[in-house]
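As a plain string of letters, each chain reads:
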Amino acid sequence: MKVAMKVNGAERSGDVEPRVLLVDFLRTNLRLTGTHVGCDTSSCGACTVLLDAEPVKSCTVLAVQAEGRSITTVEGLAQGANLSPIQVGFHEEHGLQCGFCTPGMMLVGASLLERNAKPTEEEIRWAISGNICRCTGYMNIVKAIKHAAMLRAAADAESPGRPTVAAATAGGE
Amino acid sequence: MFPAAFDYRAPASLQEALSILKERGDDAKVMAGGQSLIPLLKLRFARPELVVDIGRLPSMNNVMRRGGHTAIGALVRHVDVENSKELASSAPMMVEAARWISDPLVRNRGTLAGSVCHADPAGDWGSVMLAFGAEIVARSLSGERVLRADEFFEGPFATVLKPDEVVTEVRIPLANGRAGGAYLKLERKVGDFATVAVAVQVQLEGEKVSRAGIGLTAVGPRNIKATDAERSLMGQEPTDRVIAEAARLAAEAAEPKDDVRGSAAYKKDVVRVFVQRGLKTAIGRAREVKS
Chain A
11 MKVAMKVNGA ERSGDVEPRV LLVDFLRTNL RLTGTHVGCD TSSCGACTVL
61 LDAEPVKSCT VLAVQAEGRS ITTVEGLAQG ANLSPIQVGF HEEHGLQCGF
111 CTPGMMLVGA SLLERNAKPT EEEIRWAISG NICRCTGYMN IVKAIKHAAM
161 LRAAADAESP GRPTVAAATA GGE
Chain B
869 MFPAAFDYRA PASLQEALSI LKERGDDAKV MAGGQSLIPL LKLRFARPEL
919 VVDIGRLPSM NNVMRRGGHT AIGALVRHVD VENSKELASS APMMVEAARW
969 ISDPLVRNRG TLAGSVCHAD PAGDWGSVML AFGAEIVARS LSGERVLRAD
1019 EFFEGPFATV LKPDEVVTEV RIPLANGRAG GAYLKLERKV GDFATVAVAV
1069 QVQLEGEKVS RAGIGLTAVG PRNIKATDAE RSLMGQEPTD RVIAEAARLA
1119 AEAAEPKDDV RGSAAYKKDV VRVFVQRGLK TAIGRAREVK S
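Here the protein sequences come in this chain order: A and B. Under this note's numbering, the first residue of the first sequence carries the number 11, and numbering increases by one thereafter. Under this note's numbering, the first residue of the second sequence carries the number 869, and numbering increases by one thereafter.
Please keep in mind that the hints were generated in silico from the structure rather than gathered at the bench. Values in this document were obtained by computation on a predicted structure and should not be read as measured data. Honestly, I wouldn't trust all of these hints.
Claimed, not checked - Label-pair ranges, simulated between beta-carbon atoms:
id: 1; chain 1: A; residue 1: K12; chain 2: B; residue 2: R1155; range: 54 to 62 Å
id: 2; chain 1: A; residue 1: C145; chain 2: B; residue 2: G936; range: 47 to 55 Å
id: 3; chain 1: B; residue 1: A872; chain 2: A; residue 2: W136; range: 47 to 55 Å
id: 4; chain 1: A; residue 1: M11; chain 2: B; residue 2: N930; range: 26 to 34 Å
id: 5; chain 1: A; residue 1: W136; chain 2: B; residue 2: E1022; range: 31 to 39 Å
id: 6; chain 1: B; residue 1: A872; chain 2: A; residue 2: K12; range: 20 to 28 Å
id: 7; chain 1: B; residue 1: D895; chain 2: A; residue 2: E168; range: 29 to 37 Å
id: 8; chain 1: A; residue 1: D62; chain 2: B; residue 2: L1009; range: 26 to 34 Å
Idealized CB from N, CA, C, for every residue including glycine.
Sequences are here, hints too, so could you generate the full structure?
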């Protein structure tokens, strides 16, 4: 059946069986392979995407459920050549080693900062509790999200009212 | 992993959903957030011919106080319970329980009513429903049924719902007077099934217990209502001895099995300890409520 949704701000559509998972639609039909498949049992969070600005596990969402909704994948974080604050945070604080969990971790981090501009360490750890990292021991991931919060605060002080990632990719909402 | 092929309908109205189920209910599964159903479809433990996605039905995502209860619409998600001001004031134990369910990403999709209908004996909401004495409202083209939580769960993944019925809301009775609750859960890590969990909800009249609800998670073929333990508290002043006896009776009601999460004997003892702690916490919270 026909399915259409906004992905990283652009209208995308396809013809899929109802049983096709959102992660497979993104990776196979749209060739957006930044969204990973890890456990495939909604345990690990490697397949995390934002659905209407909220993080969800795209291995446990049918593509047809996303009909008419807005999706943000890791490919939607950077604005042109400019990395988003969360990406700069992971770069600066060495928030990754193998990189497999990183797209999910960054999307969860970005969505947390949209709701809570200055999260505590506990709030950050709570937010990423559905995402597993087998390399870093989480220390640097927490630091990376804190770093991103600091960058966002600094940018806000310079130019208040700057559009957020979710607002930019959600388009007309 | 992907599911076996199925037909998919996403009705735009409750009436349309009920008509579809009248026609094809026997071969269909109703899906709300899909956080329990989709994993089952992927593992092919469930192979329905038709999935009826009620996720787009209007006006089913509200929490509102009405008459003697708080009504929770069928599409209210775990995260909505977590953030609900209404439930924080009328049934704070539900907010505590919501935070224990799976992980934050699953809570952004999964619904309370969907989880209740899924009837996993390790599901958290079933015990919460039993502890509150909740009601579950089911609709079909033939009309509406209001089902009591203690009659709702039949066995593992089985309820009294008929194939043509959809749950439209869950009703949590409002406490009159001083009430308090607690949800305690032992899990190996975030997102794992409960090793054991316990829901406790009590009401006080003066210094005596006027109502007690105790639900047990993951220690039997369905969520268990610890009836003897509840009865032992009625009309009593909740002294340490009374609480210890109720906890002992609750552990007796549990029917756990040995598995990777622990031995049956261990789980029974966790039930005892959690009910004891839960009652103390719940009673403490009830005493803080200004009557």
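- [ ] Identify every previously stated hint that the structure contradicts and give their numbers, smallest first.
- [x] 3, 7
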